[in-house]
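Work out the full structure, taking the sequences as your base and the hints as a guide.
Number of protein chains: 8
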Amino acid sequence: MKKPQVGIVMGSDSDNPIMEETCKVLERFGVNYEKLVSSAHRSPERTRKYVAGAKKRGIKVLVAGAGGAAHLAGVMAAESILPVIGIPIPSTPLQGLDSLLSTAQMPGGVPVAAMAVGSAGARNAGILAVQILALGDASLTAKLLKYKKDQAREVELKSRKLNAANGRNPKN
Amino acid sequence: MKKPQVGIVMGSDSDNPIMEETCKVLERFGVNYEKLVSSAHRSPERTRKYVAGAKKRGIKVLVAGAGGAAHLAGVMAAESILPVIGIPIPSTPLQGLDSLLSTAQMPGGVPVAAMAVGSAGARNAGILAVQILALGDASLTAKLLKYKKDQAREVELKSRKLNAANGRNPKN
Amino acid sequence: MKKPQVGIVMGSDSDNPIMEETCKVLERFGVNYEKLVSSAHRSPERTRKYVAGAKKRGIKVLVAGAGGAAHLAGVMAAESILPVIGIPIPSTPLQGLDSLLSTAQMPGGVPVAAMAVGSAGARNAGILAVQILALGDASLTAKLLKYKKDQAREVELKSRKLNAANGRNPKN
Amino acid sequence: MKKPQVGIVMGSDSDNPIMEETCKVLERFGVNYEKLVSSAHRSPERTRKYVAGAKKRGIKVLVAGAGGAAHLAGVMAAESILPVIGIPIPSTPLQGLDSLLSTAQMPGGVPVAAMAVGSAGARNAGILAVQILALGDASLTAKLLKYKKDQAREVELKSRKLNAANGRNPKN
Amino acid sequence: MKKPQVGIVMGSDSDNPIMEETCKVLERFGVNYEKLVSSAHRSPERTRKYVAGAKKRGIKVLVAGAGGAAHLAGVMAAESILPVIGIPIPSTPLQGLDSLLSTAQMPGGVPVAAMAVGSAGARNAGILAVQILALGDASLTAKLLKYKKDQAREVELKSRKLNAANGRNPKN
Amino acid sequence: MKKPQVGIVMGSDSDNPIMEETCKVLERFGVNYEKLVSSAHRSPERTRKYVAGAKKRGIKVLVAGAGGAAHLAGVMAAESILPVIGIPIPSTPLQGLDSLLSTAQMPGGVPVAAMAVGSAGARNAGILAVQILALGDASLTAKLLKYKKDQAREVELKSRKLNAANGRNPKN
Amino acid sequence: MKKPQVGIVMGSDSDNPIMEETCKVLERFGVNYEKLVSSAHRSPERTRKYVAGAKKRGIKVLVAGAGGAAHLAGVMAAESILPVIGIPIPSTPLQGLDSLLSTAQMPGGVPVAAMAVGSAGARNAGILAVQILALGDASLTAKLLKYKKDQAREVELKSRKLNAANGRNPKN
Amino acid sequence: MKKPQVGIVMGSDSDNPIMEETCKVLERFGVNYEKLVSSAHRSPERTRKYVAGAKKRGIKVLVAGAGGAAHLAGVMAAESILPVIGIPIPSTPLQGLDSLLSTAQMPGGVPVAAMAVGSAGARNAGILAVQILALGDASLTAKLLKYKKDQAREVELKSRKLNAANGRNPKN
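These protein sequences, in sequence, are chains C, P, D, L, H, Y, B and G.
Heads up: the first sequence begins at 110 in our numbering, then just goes up one per residue.
Heads up: the second sequence begins at 110 in our numbering, then just goes up one per residue.
Heads up: the third sequence begins at 110 in our numbering, then just goes up one per residue.
Heads up: the fourth sequence begins at 110 in our numbering, then just goes up one per residue.
Heads up: the fifth sequence begins at 110 in our numbering, then just goes up one per residue.
Heads up: the sixth sequence begins at 110 in our numbering, then just goes up one per residue.
Heads up: the seventh sequence begins at 110 in our numbering, then just goes up one per residue.
Heads up: the eighth sequence begins at 110 in our numbering, then just goes up one per residue.
In case anyone wonders, no lab produced these hints; they're calculated from the structure.
Among these hints, one or two may not hold up.
[Stated by the list, open to error] So the derived label-pair ranges between C-beta atoms look like this:
(1) D/K133 to H/K164: 53 to 61 Å
(2) P/K165 to D/N278: 46 to 54 Å
(3) D/K133 to L/N141: 51 to 59 Å
[To be verified] Simulated pairs of lysine-lysine, DSS-like, Cα-Cα distance not exceeding 27 Å:
(4) G/K255 to G/K267
(5) G/K164 to B/K270
(6) D/K112 to H/K267
(7) G/K133 to B/K267
(8) B/K165 to B/K112
(9) C/K280 to Y/K165
(10) Y/K164 to B/K258
Glycine included, every Cβ here is placed at the ideal spot set by N, Cα and C.
Here's what the structure looks like:
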């Protein structure tokens, strides 16, 4: 079996339903990944060790999902030169504004690629990881081009279905 | 000379003018401290080493000032069982809302004592540190009681001065 | 029975489910506490009297939970030189942004240690209180060190359990 | 000289330039007032004593201006059954969102009449105080009616002046 | 039957459950009121006519509840010299931040007394109206003093009940 | 059958329940429309082609509903000189603040007429479209005048019904 | 001279520098307009009278600029069936978030076309007005098409100029 | 000369001072880039053509900087399968909250890697681009490792310098 190329870390196992969106995308593109729970705050050493060893074991892109004062992506970015993608999880009463700002507002010198809050962001983390890997893998490029086309066609089909169901012009 | 009891860390040397407010308070109370620049993101190992050694060297309270996705206090709290006080620095165009949320919204298990954004918060970090140390130091308790009285009297004096200057009742 | 060392005040009895998180932590660490309902606005004299007598009766740390224009922690801090920890309760339609700002944005001179909004903050208030008490109690220090280790291990176990349940590498 | 009917309290003497807007309005309407600096946090006893004695000394409306975690109006409302008007002062990097929420989001049972952030709010505090006093003073009612008319006419005059200056229809 | 002294207007009949909190308070204090639905935007003339006639018919305080771009209180204040109390209703997906800002941020010259968002604000609108009327009605003053005491006692009783139920010190 | 004059585009078929509010209004006014699903991001070419052909086919007003980083209205405005009305859909955990800012904060040169977040905005998009079309269609003007009157009367009826149900003055 | 087709109202003469952006656009397109200062709150009757007479005098589009609790556009929309465009002016310490929400969050039934906060919004109000008028005026359509092309070309020229100045590829 | 690997687009030439931060980083790492001004809204065709041709001409990473309703990055991501990095520019009175949400809150299917608001974000866009390119370029990997070390050392030096200047322990 191929070695994982993407390392997905989430701050709490309660983030898993959202993080599964990232997994689904990677599976669809046939990209191997590994996933673990590790907190920037509650298990900092585990997080650090994982990140420290990631590059050597073949990981090329790191993905981190965390809520509240979401430091996980930033902490991973501090320890690695791999691209780090951060997904703000809406797990507090502030509904993700806190996690978005904690993920995106990184200081100069240590980038995190912030995604949207929640499931849409988790899905996009998978796609961005594939886009990055595709720069060195022509088969992924082809799959991405097809994905983009399929996505556009799917919108069109849904539109026609909706109009048909509503008794409106089924060509739109 | 007495060993420092408070360890002050700031994420960038540009945070120093604000962090000096913490120093001034500690000096007023005669509490020794040490201060250094160390970033959660740009110098994570330095930050970790400092925190790891702090307790043994006699540090009892940690103070962290950082802006933007302000992870410094959280990263220090992850590595220590000492009380950690966090000061959100308003150093980005979002003016401190980002640093406040990144400092305050810590997950359960790893507390950070968040102060107000900016100078008022830095000053209060010093006072809170003294309040914590005063639990084991009766002379600090006496100083705090005096400080509280002085502070109230100062308000009164300013009020009278203002009224006098405005030609209003100088007793108010 | 030992005297309480932590005084927990909540602005309304409806805040109790959240404030129980503070109690649970203190009980786990064997720290005695007392808890009462008292509002900064509806029972100001009761609040003041409680705070005025707290230090003499052996209270070392005050914890306040309140929602909306959450003044309780600030009012208590105004009347005491004990460390005051504030928990913003998300009890209004603004979901805690109001209580967070009302708790954290204290003016220079009167600190409140603001926690995260809601349950995570309440849990952390308990831990911070223990961290403060541990400065004068070696047995609490030992318990905190163990708590930190247990917490890290728990993350690891949850991670493996999750991966096992998902048919992925159970070592992660 | 007539006794003051309005008691104006500000949390800091640095709030005075804004609070002068309240004074100007009251002077225009010939309403006597007294003004003092007293902080909810730094001089709580002074604040309380002032409020406790206000009603007996003839004060009918209380006005409070404060910034940040602006508790002053709420603390005064807790101690009095007089109407309390609160002016959020934009004195922190969060520019008044904190003081507005801390002033307006009072719990049920203890109202504060929140004004706009800053100078406009201070001016309106004066007018609202006059409106309240006018319920028992016909001469103030007459002055308010005139003030409202003058205000409307002033808008009209400014409009014509602006159009004239711009070479546009001077009737608009 | 006594003439109503308070005029309550809500922008939509869907605001009624919240506005009933104002009514309950007024009924408790024996203050007569009238209540109507009238929108600043959908029935501007009705709103204006109501406000124009209010003073003559004996109304002394106006209360307005509205959501979203909550203009109702401001529109009423533009047409009257009576004190106008505004209650921001959380009726849009923005959950009341919009209605609070639209109610509180009035320009200089036309005050609105903004309450908290939602039910707490509606309850406080009633109390503030009573506080204003009490300036000219000694019996209301007595009732307000009793209300304040009852409120404080109620907090105390709830506290003891809670502690008793939890097996903790029933004196707190 | 008359050609459609309004073109309604939504970014996702899940926005349809909200967008139906626009349709209902247009149907009430007898204005023909066409509706389709097309995303600014997932089907950019389809969106562009639709907009490019709209004017020639007789469309006079474009309506776009989208959530999150709601670019749809802006993208359509970039490609057309027809008036574009944008409806921010509250489809992310940030509840529409993101879609409102993404819709309203257009740069100088390319206007979008932003409506309120959600259903109220969708309804108003329909009315604004009719108001624009009415400038060239006297029958629509007449209908709008009647709509405005009906709307005011409906408020009045609801008010009386509410008061009657509550045993209060049924004339209000 | 041609009669004005656009009526521009601003709440305060201090809004004029921003509102001049609307004028400049209309002048560029040769569209006649009239401009006046009239406040929703300080001169409600003047505002109402202006709006009531606007349609008869040939006005086809209304533009309103206001800050804070920006009710002006909404009040005008309540009184007219003409399209109303609202420009949120950033005139308070909250920097336009208040005026944006007060302008955009209109209830169902009474639309306001909200523009961006400040100058960009004022400029776009002019363009949107022209787009609406162009539906019945082919010469404006032609001008809008040219404006759109010029705008695109201007971007290209600025890009080349910038690259040339920076010594980079002057074709980009 | 080597072909550019990074394509930098900014929505307005006024964004250039911030975008220069991206350029500086790329130059430091010896990565070729091209930079142009092109707006999502004012020059959509130019933007599209640029993006459509980018991949063929060897561009591997796209960077977009835009303010307000910052659609540029999203529009580019819609047209390409290359990784797109978005920098929110704080160019409106809302100071970048609008551009951050417009950049980050992308719908599922079309990722944008959002950076921090302003200069820090622009600098990080450059570093992230290098991190992505380094996956296929060992010399960039080496440079990144050195950059990370230099960055940490620079923090340490600044700290010592600051302490020395303040007469404090120059080892910290």
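Now the hints, each set against the structure:
Between D/K133 and H/K164 the CB atoms are about 57 Å apart, so this pair conforms to the stated range of 53 to 61 Å. At roughly 38 Å, the beta-carbon separation of P/K165 and D/N278 lies outside the given 46 to 54 Å, and the hint is violated. Between D/K133 and L/N141 the beta carbons are some 55 Å apart, a value that agrees with the proposed interval 51 to 59 Å. Of the supplied pair hints, the one linking G/K255 and G/K267 holds, its CA atoms being roughly 18 Å apart against a limit of 27 Å.
Taken as a hint, the G/K164 and B/K270 pair is honoured in the structure, with Cα atoms around 25 Å apart against an allowance of 27 Å. About 23 Å separates the Cα atoms of D/K112 and H/K267, which keeps this hinted pair within 27 Å; it holds. Between the alpha carbons of G/K133 and B/K267 the distance comes to roughly 21 Å, so the proposed pair stays at or under 27 Å and holds. With a C-alpha separation of about 11 Å, the suggested pairing of B/K165 with B/K112 holds against the 27 Å cut-off.
Between C/K280 and Y/K165, the direct Cα distance comes to roughly 18 Å. Compliance with the 27 Å bound is thereby established for this hinted pair. Straight-line distance between C-alpha atoms of Y/K164 and B/K258 comes to about 17 Å, which keeps the hinted pair within the 27 Å bound.
Consistency with the previously given hints fails for number 2 only.
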